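*Asks:* Sequence order for the protein chains is A and B.
In this text, residue positions in the first sequence follow UniProt numbering: the first is 1, and each later residue adds one.
In this text, residue positions in the second sequence follow UniProt numbering: the first is 1, and each later residue adds one.
I should point out that these hints are in silico values taken from the structure, not numbers from a laboratory.
All figures in this text were calculated on a predicted structure; none of them were measured in a lab.
Treat the hints with caution; some may be incorrect.
Since the list gives no way to pick out one identical chain from another, each pair is judged satisfied if it fits inside one copy or across any two copies.
Straight-line alpha carbon distances no greater than 25 Å define the calculated DSS-like cross-link-like pairs of lysine-lysine that follow [unchecked claim]:
1) K420 x K394
2) K399 x K420
3) K306 x K398
4) K398 x K134
5) K437 x K394
6) K401 x K420
7) K398 x K437
8) K398 x K420
2 protein chains.
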Amino acid sequence: MEPGPPGSSGPVEPGPCLSGQRGADHAASAFLQSAAGTEPGRHSLAVAAVLPAGCGERMGVPTPKQFCPILERPLISYTLQALERVCWIKDIVVAVTGENMEVMKSIIQKYQHKRISLVEAGVTRHRSIFSGLKALAEDQLNSKLSKPEVVIIHDAVRPFVEEDVLFKVVTAAKEHGAAGAIRPLVSTVISPSADGCLDHSLERARHRASEMPQAFLFDVIYEAYQQCTDYDLEFGTECLQLALKYCRTKAKLVEGSPDLWKVTYKRDLYAAESIIKEIISQEICVVMDSKEDNKHVGHLLEEVLKSELNHVKVTSEALCHAGRHLQQIILDQCYNFVCVNVMTSDFQETQKLLSMLEESNLSILYPVVVVSVHFLDFKLVPPSQKMENLMQIKEFSKKVKERNILLYGLLISYPQDEQKLQESLRQGAIIIASLVKERNSGLIGQLLIA
Amino acid sequence: MEPGPPGSSGPVEPGPCLSGQRGADHAASAFLQSAAGTEPGRHSLAVAAVLPAGCGERMGVPTPKQFCPILERPLISYTLQALERVCWIKDIVVAVTGENMEVMKSIIQKYQHKRISLVEAGVTRHRSIFSGLKALAEDQLNSKLSKPEVVIIHDAVRPFVEEDVLFKVVTAAKEHGAAGAIRPLVSTVISPSADGCLDHSLERARHRASEMPQAFLFDVIYEAYQQCTDYDLEFGTECLQLALKYCRTKAKLVEGSPDLWKVTYKRDLYAAESIIKEIISQEICVVMDSKEDNKHVGHLLEEVLKSELNHVKVTSEALCHAGRHLQQIILDQCYNFVCVNVMTSDFQETQKLLSMLEESNLSILYPVVVVSVHFLDFKLVPPSQKMENLMQIKEFSKKVKERNILLYGLLISYPQDEQKLQESLRQGAIIIASLVKERNSGLIGQLLIA
Numbered sequence: 001m002e003p004g005p006p007g008s009s010g011p012v013e014p015g016p017c018l019s020g021q022r023g024a025d026h027a028a029s030a031f032l033q034s035a036a037g038t039e040p041g042r043h044s045l046a047v048a049a050v051l052p053a054g055c056g057e058r059m060g061v062p063t064p065k066q067f068c069p070i071l072e073r074p075l076i077s078y079t080l081q082a083l084e085r086v087c088w089i090k091d092i093v094v095a096v097t098g099e100n101m102e103v104m105k106s107i108i109q110k111y112q113h114k115r116i117s118l119v120e121a122g123v124t125r126h127r128s129i130f131s132g133l134k135a136l137a138e139d140q141l142n143s144k145l146s147k148p149e150v151v152i153i154h155d156a157v158r159p160f161v162e163e164d165v166l167f168k169v170v171t172a173a174k175e176h177g178a179a180g181a182i183r184p185l186v187s188t189v190i191s192p193s194a195d196g197c198l199d200h201s202l203e204r205a206r207h208r209a210s211e212m213p214q215a216f217l218f219d220v221i222y223e224a225y226q227q228c229t230d231y232d233l234e235f236g237t238e239c240l241q242l243a244l245k246y247c248r249t250k251a252k253l254v255e256g257s258p259d260l261w262k263v264t265y266k267r268d269l270y271a272a273e274s275i276i277k278e279i280i281s282q283e284i285c286v287v288m289d290s291k292e293d294n295k296h297v298g299h300l301l302e303e304v305l306k307s308e309l310n311h312v313k314v315t316s317e318a319l320c321h322a323g324r325h326l327q328q329i330i331l332d333q334c335y336n337f338v339c340v341n342v343m344t345s346d347f348q349e350t351q352k353l354l355s356m357l358e359e360s361n362l363s364i365l366y367p368v369v370v371v372s373v374h375f376l377d378f379k380l381v382p383p384s385q386k387m388e389n390l391m392q393i394k395e396f397s398k399k400v401k402e403r404n405i406l407l408y409g410l411l412i413s414y415p416q417d418e419q420k421l422q423e424s425l426r427q428g429a430i431i432i433a434s435l436v437k438e439r440n441s442g443l444i445g446q447l448l449i450a
Numbered sequence: 001m002e003p004g005p006p007g008s009s010g011p012v013e014p015g016p017c018l019s020g021q022r023g024a025d026h027a028a029s030a031f032l033q034s035a036a037g038t039e040p041g042r043h044s045l046a047v048a049a050v051l052p053a054g055c056g057e058r059m060g061v062p063t064p065k066q067f068c069p070i071l072e073r074p075l076i077s078y079t080l081q082a083l084e085r086v087c088w089i090k091d092i093v094v095a096v097t098g099e100n101m102e103v104m105k106s107i108i109q110k111y112q113h114k115r116i117s118l119v120e121a122g123v124t125r126h127r128s129i130f131s132g133l134k135a136l137a138e139d140q141l142n143s144k145l146s147k148p149e150v151v152i153i154h155d156a157v158r159p160f161v162e163e164d165v166l167f168k169v170v171t172a173a174k175e176h177g178a179a180g181a182i183r184p185l186v187s188t189v190i191s192p193s194a195d196g197c198l199d200h201s202l203e204r205a206r207h208r209a210s211e212m213p214q215a216f217l218f219d220v221i222y223e224a225y226q227q228c229t230d231y232d233l234e235f236g237t238e239c240l241q242l243a244l245k246y247c248r249t250k251a252k253l254v255e256g257s258p259d260l261w262k263v264t265y266k267r268d269l270y271a272a273e274s275i276i277k278e279i280i281s282q283e284i285c286v287v288m289d290s291k292e293d294n295k296h297v298g299h300l301l302e303e304v305l306k307s308e309l310n311h312v313k314v315t316s317e318a319l320c321h322a323g324r325h326l327q328q329i330i331l332d333q334c335y336n337f338v339c340v341n342v343m344t345s346d347f348q349e350t351q352k353l354l355s356m357l358e359e360s361n362l363s364i365l366y367p368v369v370v371v372s373v374h375f376l377d378f379k380l381v382p383p384s385q386k387m388e389n390l391m392q393i394k395e396f397s398k399k400v401k402e403r404n405i406l407l408y409g410l411l412i413s414y415p416q417d418e419q420k421l422q423e424s425l426r427q428g429a430i431i432i433a434s435l436v437k438e439r440n441s442g443l444i445g446q447l448l449i450a
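Work out the full structure: start from the sequences and follow the hints.
*Replies:* Quick look at the structure:
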């Protein structure tokens, strides 16, 4: 009965340029990279993106929704990340209001976003998009932007866009001049009469919701915006309609996945946070001092984690060998570590791991969970020693929290009895799963007991 | 920047018949109760509700979405609770498929739902609604159902419906014959051509999404269903349209709040869980052995909780005086308790509270959080004593988990230094806030340290 992970609606993977890792995306990447080439002289399909990020009023919160934090990072940064990791998008133009310009610059700096240009937003969505298009059209001497062949238009508040659908709308736009993602309607659409009563209802099966991303031949959409009226710019909502009306370009419609949805209400922020937490909780790496010994209690814990946590990939790595394998796991963006300190109550291993994590930039985008596990035979080790440790982990946890690392301690009882050991390992796995799932910063530095 | 509580989009309050507690709902209740009366002979507005709860295929999970668990309770139970607490709805008819009949019966029994009748669902939504209406129309001798004047139709997967909007659609239906809740469109609606291209887009401002609840004069909607074709029953999606087509009844459209939304995708389950957690986390009661002493450290903790937790109502109550005030707080559905055990390391106070909670039925609908707080001067009390306690609280927590009570322990350091005491109280408040917010069952029985 538990809702599993998003399955087919696979959401954003973290980090830049993961395109080579999946089938469809790999094809997309290969096609567009070879088309775009690396030699500027050759024929290439130049693709840019425009993101209107003006103001949203629907959320009922004072902060514009694209700046609302999810795991302490603004929503728009997730959307930028989703576009950025697509190697064949050359430029990303974001239209923000003057008052949010500095906030936006600091977001780009803090989260190290690349290929972003900022332009000033207009007072409506269409005016903001037009500003973005103008910046791409003008081949100014000092501008690092150049006119693309195809331009993607996307929303700042749709963070879960996949490379696959971007590829589909771009290739359809290349062929048809315009293309946009659509979804089935969730509710029936009706038309009210002037007195607030039902005039008629629309047949649900014959209509679709128009979503984002959309893509256009640049000349088509730029022409449409140049020709369209002030009324269009003020009250229009649909770019595909402008291309149809002013350039007679009938957009190709592309079926999108459910995760193209637009973060509109507060409940959508909750949903986005849960989805993001789920995405970064799909792998746990068990780190131990020696990999070779199969009877190592760390391996026992690894086995129990594997059997207790479905949907989670559990790997293990040694801290020794100058940690080269571990470096790779960090590069591959695993956000959860269980560091095993065997039969000892000091934090030596955990400290080594924390140093490696601090040196990497892994925790810039997402909070990283580290569970420092200590196996102790409660009958042999005096509890007072544990209390000293506790104080130590509190201080460590405060320090690494500043680097977005969430550190928790976990004592696992190590009785001689085999069955009791299995039970305490199982308890430990449940606690680790909870910590990884919730990423609760209020409980950092606690020493939990299994 | 934190997303606050749902504000104007106030969601379901737990428990039956809370109608008297809010302005609009009070008016609604007064009107309909006086209309409905308690004397069966007098003129009354008899209202019933029909809930189609057949099958949903969109979620991508094997369990039909109305049976998906949120905090371990099936979604449909929250919707039933929302209708049940509206005193003037006399009967609630739920249409479920034969294969889910037993599951539904056990849900009604486990969560003690009242005024529910079950009928067998049809293969489409319209057929299920028709089944529900038939059950209300047939004044059979053995049936406890009688024909209502107005019937509400609602979805099993819209748990956050308010009494206010139910009142509005019922009164509008009484006047106009039919009425339904609507919402602004989030996306532009388009009509595709046969070749999968854009035919035209609809002006967003001139259309609305038709949501639930809807209400009808019973005779109008029953007549419409009796007349409508098999095609309507198979492929139709809109009850308002049936009333228009077959009874020339133009439905009144009523603006609904954002929380009328339909739980459709997995992300909606995540959103619903977060909203429900937020609703039941809005009040914390600090329980202590003596209320009179203003210098009681429990009161200090209460003050810090008040200043640290915005949006949360913090009250305090004594366990003594046979706990009469505390009984009232439990009756008023507070789901979070902080039980203060001063300068002691036993659980006497907490055990008294747990017994009271177990005797009440409070935890039937929602998991109740109890934090057992112990103030200890770490320099004076030997740590080994705490370890014994720890083992104790683990056992307690397992036992009360069976009754849906989540028990955690919290040691707060009680140093002589005033400033240090404030700091440890603040740490304690942060931990309490985390536990209340997350309701994490994987961490029950842990002894946390502030």
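*Asks:* Look at each hint and say if it fits the structure.
*Replies:* Verification of the supplied hints:
Proximity of K420 to K394 under the C-alpha cut-off of 25 Å is restricted to the inter-copy arrangement: shortest distance 16 Å between copies versus 29 Å within a copy. Taking the shortest alpha-carbon separations for K399 and K420, only the inter-copy value of 19 Å comes in at or below 25 Å, while the best intra-copy value is 35 Å. For the identical chains of this complex, K306 and K398 are inter-copy neighbours only, at 24 Å across copies versus 30 Å inside a copy, given an alpha-carbon limit of 25 Å. With identical chains, the CA atoms of K398 and K134 are never at most 25 Å apart, being 47 Å at best within one copy and 64 Å at best between copies.
Both within a single protomer and between protomers do K437 and K394 lie at most 25 Å apart by alpha-carbon distance, with minima of 21 Å and 22 Å respectively. For the identical chains of this complex, K401 and K420 are inter-copy neighbours only, at 21 Å across copies versus 34 Å inside a copy, given an alpha-carbon limit of 25 Å. With identical chains, the CA atoms of K398 and K437 are at most 25 Å apart both within one copy (20 Å) and between copies (21 Å). Only between protomers do K398 and K420 lie at most 25 Å apart by alpha-carbon distance; the minimum there is 17 Å, versus 34 Å within a single protomer.
Hint violations for this structure: number 4 only, all remaining hints satisfied.
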